[in-house]
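Whole structure, please, built from the sequences with the hints as guidance.
Numbering (the working numbering), first residue to last: -19 to 370.
Please keep in mind that the hints were generated in silico from the structure rather than gathered at the bench. It cannot be assumed that every hint is accurate.
[Stated by the list, open to error] Below are the DMTMM-like pairs computed for lysine to aspartate or glutamate, each with C-alpha atoms no more than 25 Å apart in a straight line:
1) Lys222 to Glu10
2) Lys223 to Asp246
3) Lys47 to Glu20
4) Lys88 to Asp75
5) Lys98 to Glu20
6) Lys91 to Glu154
7) Lys46 to Asp75
8) Lys23 to Glu274
9) Lys199 to Glu20
10) Lys365 to Glu345
11) Lys88 to Glu126
12) Lys158 to Glu126
13) Lys365 to Asp194
14) Lys23 to Glu154
15) Lys88 to Glu274
16) Lys22 to Glu126
17) Lys74 to Glu95
18) Lys47 to Glu10
19) Lys74 to Glu20
20) Lys223 to Glu345
Just so it is clear, the structure is predicted and the values come from calculations on it, not from any experiment.
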Amino acid sequence: MTIFCLMFVITACAQTKQESAPVALRTGAECMERYLPMLEGKKVALCGNQTSIVGNTHLVDTLLSKKINLVRLFCPEHGFRGQAEAGATIQSGKDPLTGLPVVSLYGKNKKPTAEQLKNIDVLLFDLQDVGCRFYTYISTLHYVMEAAAENHVKVVVLDRPNPNGYYVDGPVLEPQFKSFVGMHPVPVVYGMTIGEYAQMINGEKWLANGIQCDLEVVKLEGYTHQTRYDLPVAPSPNLQTKKAILFYPSLCFFEGTNISVGRGTDHPFEMYGAPGLLDGDYTFTPHAIPGVSENPPFKDQECRGELLASVCIDWNAPGSLNLFFLLNAYQNYPDKANFFLKNNFFDKLAGTDQLRKQVIDGLSEEEIRASWQPGLRKFMEVRQKYLLYE
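Next comes the structure, spelled out in structure tokens:
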């Protein structure tokens, strides 16, 4: 792994030291003095999940203890309590701990209906994003804002730090590749908090017919884009560690290939490999894990590849996507005609078909990166208008 370590944001363990977070970092949800007055006397809905916490208490319980009239819950991919694996159908029902009705926004019903928003005055949005275009919480944000605008419901986004918010990188999505894993013309890593991203959706008029919603963002305190933040709660079942979250932007491309990222192991998104891969000093065998990976790729088959869990991350190095993993896996895959899945999911993840073609054509990482630069420069100009933090 020595070669790609030099190409990524990693260094020796002895040199790794997390930057100290600014004193008194407070999430939007913790700044209750700024949003509780907006909720008093209102009928309130919450779009959240297991990451929606105030200290160690779920936001739902906190709001109910403050006598807020919370009448409905909405949940994204993985469910309200975050116990469903990626892609699993989420059913609407009731939250077993509070008895409140829960409406799933994953599956056929990705956008709240007029009936589901009936009599709602304010919709709180509190989800922990990880700063990647294909992480679907920002797609849920889009549809929540769109439905709220159409039904005259105010949206209040409780902002949270972005663990990958200190850099911007990757190809910018092209319109013809728009999907639920990529809805907007942004790069793979966009370097914005979810509150800033909400302002960009609104300001750039990306909602249907250019409508805009009544939006308010409850800002973070003590945060800048260089703040390194360890998530107190896993944002989804297969992102359980800091390293998995940091490797995720680079490894998720493999979800559109015949390469495993370790779903069905103890370290998902901290490895990659496949049966028959011609290079790699690590072997692993994915197994079914209830609620996490029921049917992982290459279930019960031995895979060969690389384990990244022992690699340390240099918090002080400039961030970037790592293409070595992808290029190395393709070079060492014995059946290159079947490296990429036939459903073109790779192109949806990349937001373009150019990356796939560049890999097949044998372009270097430097050549691929150079092709991203015009789109990144244009995006950075748009991004600058909506930043709330230094």
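Taking the numbered hints from earlier one at a time, note which ones the structure violates and give those numbers from smallest to largest.
-> Hints 8, 10 and 14 contradicted; others consistent.
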